[in-house]
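Colleague: Chains as they are written, first to last, in the working numbering: chain D, 1 to 186; chain Z, 187 to 988.
Bear in mind the hints are in silico, worked out from the structure with no lab data behind them.
You may find that some hints are simply not true.
What the hints assert, rightly or not - With a straight-line Cα cutoff of 27 Å, these simulated DSSO-like cross-link-like pairs (lysine-lysine) come out:
1. K102(D) / K66(D)
2. K43(D) / K723(Z)
3. K623(Z) / K102(D)
Said to hold, decoys possible - If you want the footprint, here are the derived chain D segments under chain Z, 3+ residues with CB under 8 Å:
4. 49-60
5. 104-114
6. 125-137
7. 148-156
8. 175-185
No residue lacks a Cβ here, since even glycine has one placed at the ideal position from N, Cα and C.
Letter by letter, the chains look like this.
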Amino acid sequence: MTISRRNFLGITSASALGTAISLFASSKAEAAEIPAIKTLHSKESTTICPYCAVGCGLIVSARDGKVVNIEGDPDHPISEGSLCSKGMSLYQVVVNERRLTKLLYRAPHSDKWEEKSWQWALPEIAKRIKKTRDATFLAKEGDSVVNRTEGIACLGGAALDNEECYLYSKLARGLGITYLEHQARI
Amino acid sequence: MVHSNVAMIIGSNVVENHPVAAKWLTRTKEKGAIIISVDPRYTRTSSFADIYCKMRSGTDIAFVNGMINYALQNNYIHRDYVVAYTNASFIISDKYSFQDGLFSGYDPSTRKYDRASWAYELDAQGNPQKDPTLQHPRCVFQIMKKHFARYDSETVCKITGSPRDIYEQVCRVYTSTWAPDRVGVWLYAMGTTQHTHGTQNIRAYSILQLLLGNVGMAGGGINALRGESNVQGSTDMGLLFHLLPGYLASPTKADANLAAYIKNYTPKASDPKSANWWGNYSKYITSLLKAWYGEQATRENDFAFHYLPKRSADYSWISLFETMYAGQIKGLICFGQNPAVGGPNANKERLALHRLEWMVSVDLWETETASFWKRPGVNPADIATEVFLLPACSSVEKEGSISNSGRWVQWRHKAVEPIGEAKSDLWILDALCKSVKQEYASDGVFPAPILHLAWNYGNGESVDAHREPDVQLVAREVNGNFTRDTSVQGKAFQKNDQVPSFALLQDDGSSSSGCWIYCASYPGLEAKDNQMARRNKQDAANNIGLYPSWAWCWPMNRRILYNRASVDANGNPWDARRWVVRWNTEAKRWEGDVPDGGWPPQEKLPFIMKPEGYAGLWATSLVDGPLPEHYEPLESPVSNLMSSQQVSPAIKLWHTSNKEMNLVGDFARFPIVGTTYRVSEHWQAGAMTRNLPWLSELVPDVFVEIGVDLAQQKGIENGNRVIVETARGKMEGYALVTRRFEPFQLHDKVVHEIGIIWHFGYNGLVQGDSANVLTPHIGDANTMIPEFKAFLCNVFKKEGGA
Chain D
1 MTISRRNFLG
11 ITSASALGTA
21 ISLFASSKAE
31 AAEIPAIKTL
41 HSKESTTICP
51 YCAVGCGLIV
61 SARDGKVVNI
71 EGDPDHPISE
81 GSLCSKGMSL
91 YQVVVNERRL
101 TKLLYRAPHS
111 DKWEEKSWQW
121 ALPEIAKRIK
131 KTRDATFLAK
141 EGDSVVNRTE
151 GIACLGGAAL
161 DNEECYLYSK
171 LARGLGITYL
181 EHQARI
Chain Z
187 MVHSNVAMII
197 GSNVVENHPV
207 AAKWLTRTKE
217 KGAIIISVDP
227 RYTRTSSFAD
237 IYCKMRSGTD
247 IAFVNGMINY
257 ALQNNYIHRD
267 YVVAYTNASF
277 IISDKYSFQD
287 GLFSGYDPST
297 RKYDRASWAY
307 ELDAQGNPQK
317 DPTLQHPRCV
327 FQIMKKHFAR
337 YDSETVCKIT
347 GSPRDIYEQV
357 CRVYTSTWAP
367 DRVGVWLYAM
377 GTTQHTHGTQ
387 NIRAYSILQL
397 LLGNVGMAGG
407 GINALRGESN
417 VQGSTDMGLL
427 FHLLPGYLAS
437 PTKADANLAA
447 YIKNYTPKAS
457 DPKSANWWGN
467 YSKYITSLLK
477 AWYGEQATRE
487 NDFAFHYLPK
497 RSADYSWISL
507 FETMYAGQIK
517 GLICFGQNPA
527 VGGPNANKER
537 LALHRLEWMV
547 SVDLWETETA
557 SFWKRPGVNP
567 ADIATEVFLL
577 PACSSVEKEG
587 SISNSGRWVQ
597 WRHKAVEPIG
607 EAKSDLWILD
617 ALCKSVKQEY
627 ASDGVFPAPI
637 LHLAWNYGNG
647 ESVDAHREPD
657 VQLVAREVNG
667 NFTRDTSVQG
677 KAFQKNDQVP
687 SFALLQDDGS
697 SSSGCWIYCA
707 SYPGLEAKDN
717 QMARRNKQDA
727 ANNIGLYPSW
737 AWCWPMNRRI
747 LYNRASVDAN
757 GNPWDARRWV
767 VRWNTEAKRW
777 EGDVPDGGWP
787 PQEKLPFIMK
797 PEGYAGLWAT
807 SLVDGPLPEH
817 YEPLESPVSN
827 LMSSQQVSPA
837 IKLWHTSNKE
847 MNLVGDFARF
857 PIVGTTYRVS
867 EHWQAGAMTR
877 NLPWLSELVP
887 DVFVEIGVDL
897 AQQKGIENGN
907 RVIVETARGK
917 MEGYALVTRR
927 FEPFQLHDKV
937 VHEIGIIWHF
947 GYNGLVQGDS
957 ANVLTPHIGD
967 ANTMIPEFKA
977 FLCNVFKKEG
987 GA
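Pulled out of the complex, with its shape left as it was, chain D reads as follows (with noise of 0.2 Å):
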């Protein structure tokens, strides 16, 4: 069998300890010193980098849940295996002590931030949305029927994957928000 590194990466994810160590060692006493390599026991996956356009591909290795490590993927047509400096850091966006993990809200004139579920945002964000809206909806202009309103803004999609922009899209224009832009235009 010729180990290509693709394949190589599949058996040692897959297999024991000691057969991916004999792929480079004779011996024990040689294993002892080559560190086990980070991705044993991993589970991979593919994914495309998420900073420029270019589309690079990756290989993303994850062991009880969490990522331990992220790589380009040798096999992708486009980047062939490399990355750039940002594309080469991407776990430092997945394991990242800045990341927000809560939901987060200013009230008015407040300094601070406080804490706050989901189940309490989602239908004050609503009632918000719906208060706006309802005060700026615009069924006519003249005579010709426009249902819009001109009160709420979206911003933001490049982001986004595209199903997610599809929704946004589609949220947003049922919404009745014409103010729609995101970085295309900038």
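Could you slot chain Z onto chain D? The hints should help.
Modeller: Just chain Z, lined up with the frame of chain D:
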């Protein structure tokens, strides 16, 4: 790119900002290709290129118009291609004229053109009159020769500040690709678009690429290097005020009903050889309405067309923030975007946020936008805005597709669960919609468009924190299905069958499709039918690296657009060595890439999205002219050498209509050209990189890049703290004194340019001033993309600074 003989990189620093794409430039360079870099600054791309030519920011049109002139004067054009596939031979109305920077039809009181005089002369059948000899004095080709003759290399270099010998070398090398077996690729990015004439910059590139016969070819084309992983897909899905999914126009108040809308946007073609693909408009809008309103969209209620909001103004970015500043926008929903850093005239846009009653920010991080109310220099007690900051999950904690610059739609798999209480944007959007529907269940203004919105993604009717919407269901809705048993083009389909191709979409309500250009991405009902998740690396018969079974590409898995222009009238490739498609006369079918329509050669013209079927050297649809003409940026150190029109006559001037915080600087006070740019280690407005320890360590501070000559004049040394100022704001950074910026010798003076990285803000692991406090509210005449890339500024050493 790997097939190109010459690569032209202008308005892009590909090696810095798209390093892995640059790998393919390296491959083609190793095979002998010549790489040209044109930029105000000697960038990483310039150091990799064979030829570097400097050019003052905002002078692309002069630069490229001169290249077009060089091609026309020396007859370095692919004549067969130009005659057969472009509108070079079309005769233009005798009412057309051009004088002193103005095209005919201009009304100075509205700053708008009446475009009637730019029209083609039509024959009795309604087809444009043509002169295939290209001799008629009013044919596009002859008008172009006259228009571009004004851009001789001496004049061009007085405008751009380029060294004339190098400029002429660029002209010579690039136009060598006119030969059918030589191909040139054109790469650009935001250095091109972010100007008051950004659209016309790209028009100039397109005209030259068409004259040289480089469009539709392997190793050719005009390639926008997009900066965000899914900015292609987000645009495809219509997240812009003027677009619905699939590049359908968002309706205006003039579109009284669906029939009027269809009539207003469906182009007509009388030439039987024109495929006029937009002739299918009615099928795509009706299928979209069926996807959005399902059973509630019927023929009887005009397929719920009246549910769609109708616009009657410009709602683009700058207008949006001007309106917010004026207090007319009360609520903002912001998904993964950071306008407090990334928006132009950032001081004004940050103040605009104060006028909001509420804001919903959905992000992985606490961005500058989400915490605008506690930024340095403001008192939170003065700001009444309520802010909801919703934690979103990262791209490896969810599943879905994204579309890259080459329109490859690639599937991303979920590796782990979201951290903490973070949720996918899909879940958040689903939950928001359900919560709003709940609010409208009993009362509200015109609730039907909300209540009737077809919304069932497999996780129940109420919000459930533990049930994700089924992303496969959403992806299948985007593709579309048949809504009843039907027969199309002799093929029978059952209700709920996925539509296998947009050629089968209907306008009678029998089909739905959330985004017609994605039709065929998910042609079956099972996960294995998801074409976007494919990972088969077998290449197509032409072996040029199309990888047709890797992921999926819109439209119809076509990897190179307008590929029918890569062959002659008989379907034989212009370049047999690097063929894209070719007609197999025995099998009577195309081979290679998915062709732009399967008709035999000669039956249809190759530019199928244009009503005439020909590529447009001449444009009748743009608001600022049928041909590109040089105008100076809003803020410029010199007067326009080409005409008495200083700036594009068709741009909207904000400093005259909305005076507050829209000051424009003059040369006397701000004698230096400023521009902004990015570095490899940071990304956009910085939230995705300035929160990461590795990347923050690599580039921890804002720097201002200054040429050696200017630094000497200003007494600035490398590493000094400096202040950059414009009419709108000032910011501070470390001076980076380099030889990469050189002074520009222009027609009447020497001008310096400086550059600032724009990734920084007041939040994050590493912080710094935002360059966008310097940039103005002024947009491109057609797209309203702000002019980030050329403004007037001054720079000083900070008193008491190191």
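Colleague: Holds or violated: K102(D) and K66(D), Cα atoms, limit 27 Å.
Modeller: Holds, at about 19 Å.
Colleague: When I compare C-beta atoms, does the segment 104-114 of chain D have three or more residues closer than 8 Å to chain Z?
Modeller: holds (count 9)
Colleague: Are 3 or more residues of the segment 125-137 of chain D near chain Z, judged by a Cβ distance of less than 8 Å?
Modeller: Held - the segment 125-137 of chain D has 12 residues with a Cβ nearer than 8 Å to chain Z, which meets the minimum of three.
Colleague: Does the alpha-carbon distance linking K43(D) and K723(Z) stay inside the 27 Å limit?
Modeller: With a Cα-Cα distance of about 23 Å, the restraint between K43(D) and K723(Z) holds, given a limit of 27 Å.
Colleague: Take the segment 49-60 of chain D, compare each residue's beta carbon with every beta carbon of chain Z, and decide whether three or more fall closer than 8 Å.
Modeller: This one holds; 10 residues, not fewer than the three required, reach chain Z with a Cβ under 8 Å.
Colleague: Apply the coverage criterion to the segment 148-156 of chain D and chain Z: a residue qualifies when its Cβ sits closer than 8 Å to a Cβ of the chain, and three qualifying residues are needed.
Modeller: With 9 residues in contact (Cβ-Cβ under 8 Å with chain Z), the coverage given for the segment 148-156 of chain D holds.
Colleague: Between K623(Z) and K102(D), is the straight-line Cα distance small enough, at 27 Å or below?
Modeller: 25 Å, holds
Colleague: Please verify the coverage claim for the segment 175-185 of chain D: does it have three or more residues whose C-beta sits within 8 Å of some C-beta in chain Z?
Modeller: That given contact holds, which follows from 11 residues of the segment 175-185 of chain D lying within Cβ reach (below 8 Å) of chain Z.
Every hint, counting from the list given before, is met by this structure.
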